[in-house]
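There are 2 protein chains.
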Amino acid sequence: MLFDFNFASIPHIIFGAGRLNEIYGLIPKFGNNALYVIGGSSLKKSGKWDEIANTMQKKAISFSEISVSKEPTPALVDAAAQKFRNQKVDVVVGIGGGSVIDAGKAISAMLPKNDSIKNYLEGVGNKAHDGRKIPYIAVPTTSGTGSEATKNAVITELGIGGFKKSLRHDNLIPNYAVIDPQLVLSCPKSVTAPCGMDAFTQLLEAFVSPKSNPITDALAKNGIKQMKNAIISTCNDKALDITARAAMAYGSLMSGIVLANAGLGIVHGFASSIGGLFNIPHGVVCGTLLAESTKMNIKRLEHLGTEGKIGLLKYAIVGALINGKESFEEINVAHYCSILIERLDNWTKQLNIDRLGKYGITTADIDSIIEKTGLKNNPVHLKPEDLKEILIKRI
Amino acid sequence: MLFDFNFASIPHIIFGAGRLNEIYGLIPKFGNNALYVIGGSSLKKSGKWDEIANTMQKKAISFSEISVSKEPTPALVDAAAQKFRNQKVDVVVGIGGGSVIDAGKAISAMLPKNDSIKNYLEGVGNKAHDGRKIPYIAVPTTSGTGSEATKNAVITELGIGGFKKSLRHDNLIPNYAVIDPQLVLSCPKSVTAPCGMDAFTQLLEAFVSPKSNPITDALAKNGIKQMKNAIISTCNDKALDITARAAMAYGSLMSGIVLANAGLGIVHGFASSIGGLFNIPHGVVCGTLLAESTKMNIKRLEHLGTEGKIGLLKYAIVGALINGKESFEEINVAHYCSILIERLDNWTKQLNIDRLGKYGITTADIDSIIEKTGLKNNPVHLKPEDLKEILIKRI
Numbered sequence: 001m002l003f004d005f006n007f008a009s010i011p012h013i014i015f016g017a018g019r020l021n022e023i024y025g026l027i028p029k030f031g032n033n034a035l036y037v038i039g040g041s042s043l044k045k046s047g048k049w050d051e052i053a054n055t056m057q058k059k060a061i062s063f064s065e066i067s068v069s070k071e072p073t074p075a076l077v078d079a080a081a082q083k084f085r086n087q088k089v090d091v092v093v094g095i096g097g098g099s100v101i102d103a104g105k106a107i108s109a110m111l112p113k114n115d116s117i118k119n120y121l122e123g124v125g126n127k128a129h130d131g132r133k134i135p136y137i138a139v140p141t142t143s144g145t146g147s148e149a150t151k152n153a154v155i156t157e158l159g160i161g162g163f164k165k166s167l168r169h170d171n172l173i174p175n176y177a178v179i180d181p182q183l184v185l186s187c188p189k190s191v192t193a194p195c196g197m198d199a200f201t202q203l204l205e206a207f208v209s210p211k212s213n214p215i216t217d218a219l220a221k222n223g224i225k226q227m228k229n230a231i232i233s234t235c236n237d238k239a240l241d242i243t244a245r246a247a248m249a250y251g252s253l254m255s256g257i258v259l260a261n262a263g264l265g266i267v268h269g270f271a272s273s274i275g276g277l278f279n280i281p282h283g284v285v286c287g288t289l290l291a292e293s294t295k296m297n298i299k300r301l302e303h304l305g306t307e308g309k310i311g312l313l314k315y316a317i318v319g320a321l322i323n324g325k326e327s328f329e330e331i332n333v334a335h336y337c338s339i340l341i342e343r344l345d346n347w348t349k350q351l352n353i354d355r356l357g358k359y360g361i362t363t364a365d366i367d368s369i370i371e372k373t374g375l376k377n378n379p380v381h382l383k384p385e386d387l388k389e390i391l392i393k394r395i
Numbered sequence: 001m002l003f004d005f006n007f008a009s010i011p012h013i014i015f016g017a018g019r020l021n022e023i024y025g026l027i028p029k030f031g032n033n034a035l036y037v038i039g040g041s042s043l044k045k046s047g048k049w050d051e052i053a054n055t056m057q058k059k060a061i062s063f064s065e066i067s068v069s070k071e072p073t074p075a076l077v078d079a080a081a082q083k084f085r086n087q088k089v090d091v092v093v094g095i096g097g098g099s100v101i102d103a104g105k106a107i108s109a110m111l112p113k114n115d116s117i118k119n120y121l122e123g124v125g126n127k128a129h130d131g132r133k134i135p136y137i138a139v140p141t142t143s144g145t146g147s148e149a150t151k152n153a154v155i156t157e158l159g160i161g162g163f164k165k166s167l168r169h170d171n172l173i174p175n176y177a178v179i180d181p182q183l184v185l186s187c188p189k190s191v192t193a194p195c196g197m198d199a200f201t202q203l204l205e206a207f208v209s210p211k212s213n214p215i216t217d218a219l220a221k222n223g224i225k226q227m228k229n230a231i232i233s234t235c236n237d238k239a240l241d242i243t244a245r246a247a248m249a250y251g252s253l254m255s256g257i258v259l260a261n262a263g264l265g266i267v268h269g270f271a272s273s274i275g276g277l278f279n280i281p282h283g284v285v286c287g288t289l290l291a292e293s294t295k296m297n298i299k300r301l302e303h304l305g306t307e308g309k310i311g312l313l314k315y316a317i318v319g320a321l322i323n324g325k326e327s328f329e330e331i332n333v334a335h336y337c338s339i340l341i342e343r344l345d346n347w348t349k350q351l352n353i354d355r356l357g358k359y360g361i362t363t364a365d366i367d368s369i370i371e372k373t374g375l376k377n378n379p380v381h382l383k384p385e386d387l388k389e390i391l392i393k394r395i
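Line by line, the protein sequences give chains A and B.
The numbers in the numbering used here rise by one with no breaks, and the one at position 268 of the first sequence is 268.
The numbers in the numbering used here rise by one with no breaks, and the one at position 332 of the second sequence is 332.
Bear in mind the hints are in silico, worked out from the structure with no lab data behind them.
Here the structure is a predicted model, which is why all the values come from computation and not from measurement.
Careful, some of the hints might be misleading.
The list makes no distinction among identical chains, and a pair is therefore deemed to hold if it is satisfied within one copy or across any two copies.
The calculated DSS-like cross-link candidates involving lysine-lysine, where the alpha carbons are at most 27 Å apart (straight line), are [stated by the list, open to error]: (1) Lys358 / Lys127; (2) Lys383 / Lys70; (3) Lys189 / Lys45; (4) Lys70 / Lys295; (5) Lys48 / Lys118; (6) Lys388 / Lys358; (7) Lys127 / Lys29; (8) Lys118 / Lys29; (9) Lys29 / Lys211; (10) Lys83 / Lys44; (11) Lys113 / Lys45; (12) Lys211 / Lys388.
Looking at chain A on its own, in the form it has when it is part of the complex (with noise of 0.2 Å):
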């Protein structure tokens, strides 16, 4: 398992305080053209809207813009590809959180094509993406889904025939992600939480999937030693300071990295139904399934026997982490695994995590949801029960 592994290749990173300001190098690299992917409000907001359109006209770059105002659909892509595709773009910029940098994202891909993302979505249309895109620059503003560093972007469409998936290939990779922790600051602790248990539920999942490899093994612990107790602080008492807004940066870039190359497990698949389904951001679902979905594997895990202790000590090993420790040569698994549990259980209130109840989800849409849930990189079989008591215990 250690030695045979894939690594697709990872953006060019920018990362650091104020570095914003290289867009406006890195943009004539491509061209003069640029299209914008924003937000609804808070970049314009904030006055940094304002300052990133002048710097552009001082800068003579001639630019556009498009606000995403939620999780993208086909019909946003579709729109926006269709009106730009017979202007001159040269390169797309997505600056927002990670319904913003995913709609950058597949609007610079299908910027060369001519027909509708549907086509290309995985499990919804039958071509493939070929990778042509225009090229592309993500610019995170919360530290959550990592797609500033991720070869996907996730379509939303909502109802019953809804579905979320990806538009997938190598290629989509963002050229360049400038990461600024200064954009983050000013994010509000209902969408600072979400995020950083999404981001931490990447690094965990990735880190405990059958497909993990030595570099993602490395970086996923270096991320979680980054966020373990920057992801309550930021939502507390450090909600301005850059450093532990950093971390949280930091840790988000890593799950990209990781889930890019590792994979994801059962907290994702779940996302991926019930995010179809209902209208319910992608961090809550993350941060309420994380800890009963970790608490399902690791039981799963304990009845296997030998072959369920690769993916104990993983467990254990991020437990040790969280707890401090770094050595995981002669570790007591079960009690990091529950060292791990009993945290994750507090951070999810701590954080006052929403339970899937508050967007209208109830007990007679377990069953739906389970339908649709796929099990993707998990590191052990669920059965569907165990699937439904995980889901129950967060109704």
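Chain A is fixed; fit chain B onto it per the hints.
Just chain B, lined up with the frame of chain A:
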């Protein structure tokens, strides 16, 4: 320091025994005309080249080949680029040691140009390469330079006006790095030992570099952990052990990734100057100077007082890692620095790394070497007399 960094993209990595075969799936992604850059003899002697040529014919992919039997010179690269410039080449595939991988990288970058590579070499020419190249697949057959993951190709002109300088651009990072430890199994001790010392030097120098960042630190530690035992065993009883060879190949790959992002130190400063003046394998220069250079760096860092603490801690972490320790919280810095030095001294002896004198270098050459030696990203300033002291010990 922790949270302000750049990280260049890394190649798509395909790692595992027997995975050389995947090149036949990769090449058609770029087109139907491949140019192979291979070594002088060992690939042909082993029958591996016939196997590759036969498979290419069976798959009806047309190809040409160039042999590179020494460290690439401007004349070699220019001649190859000129010969194939007007033929259709869709992808360059370099299979060999560091010299071959660098030659292939340079040729892929010079095919779209019309002049000599000398114009683009750092410190030699006055043009900046723009990064346009023919796609490049790198397949190392030694575990040494890590060039399969770097953005530069080292070009050598021997003699009095000689140099060892880089063609460098972010976009020169190979598109794919295919690392098949089976290809290294036949590598003799005389090559394995200096290559291993080169790779370890790169991991160590990048780890202690002032330009190191959390990602390079995580990957450097990861590489050191894999190499710490295999560096000796692959030169002895485990020369044919695929797991030990894989550990070395992995360490070498990590060394390339981290050096591309954190830079190198004084040992590679010497490698550049000595390598331009004398006909001596790169790995021998690194291997023979590593222990003495590390002693000098540690001595100078100790003299610095507080300012030298971070550097010393990093050396101590490496000493601890080599000694099997993984927790560095309450580390005895002086103790583990001396363990590191002791271990490097032992490796140099156990691996019978040649002294410089064997290649005709005498004390009379020291001044001209020092004059051409840059410190690169060494963790501490060294004076000419420090450099002299290092060299004298290894003449």
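The hints, checked one at a time:
1. For a Cα distance limit of 27 Å, the shortest separation of Lys358 from Lys127 qualifies neither inside one copy, at 37 Å, nor across copies, at 62 Å.
2. Within a single copy, Lys383 and Lys70 get their C-alpha atoms no closer than 33 Å, and across copies no closer than 59 Å, so neither meets the 27 Å cut-off.
3. When the C-alpha separation of Lys189 and Lys45 is checked against a cutoff of 27 Å, the pair qualifies only within one copy, where the shortest distance is 18 Å, while the shortest distance between copies is 65 Å.
4. Within a single copy, Lys70 and Lys295 get their C-alpha atoms no closer than 32 Å, and across copies no closer than 58 Å, so neither meets the 27 Å cut-off.
5. Taking CA atoms no more than 27 Å apart as the test, Lys48 paired with Lys118 passes in neither setting, with 33 Å inside one copy and 45 Å between copies.
6. In this assembly of identical chains, the alpha carbons of Lys388 and Lys358 lie at most 27 Å apart only when taken from the same copy (18 Å versus 72 Å across copies).
7. Taking the closest pair of Cα atoms, Lys127 and Lys29 come within 27 Å of each other only across two copies (17 Å); inside a single copy the shortest separation is 31 Å, beyond that limit.
8. In the homo-oligomer, the alpha carbons of Lys118 and Lys29 lie at most 27 Å apart only across protomers (24 Å), although the nearest pairing inside one protomer, at 31 Å, exceeds that limit.
9. For a Cα distance limit of 27 Å, the shortest separation of Lys29 from Lys211 across copies, 24 Å, qualifies, whereas the shortest one inside one copy, 36 Å, does not.
10. In this homomeric assembly, Lys83 and Lys44 come within 27 Å of each other (Cα to Cα) only inside a single copy, at 22 Å, whereas the closest approach across copies is 56 Å.
11. Taking the shortest Cα distances, Lys113 and Lys45 never come within 27 Å of each other, neither inside one copy (34 Å) nor across copies (48 Å).
12. In this assembly of identical chains, the alpha carbons of Lys211 and Lys388 lie at most 27 Å apart only when taken from the same copy (26 Å versus 50 Å across copies).
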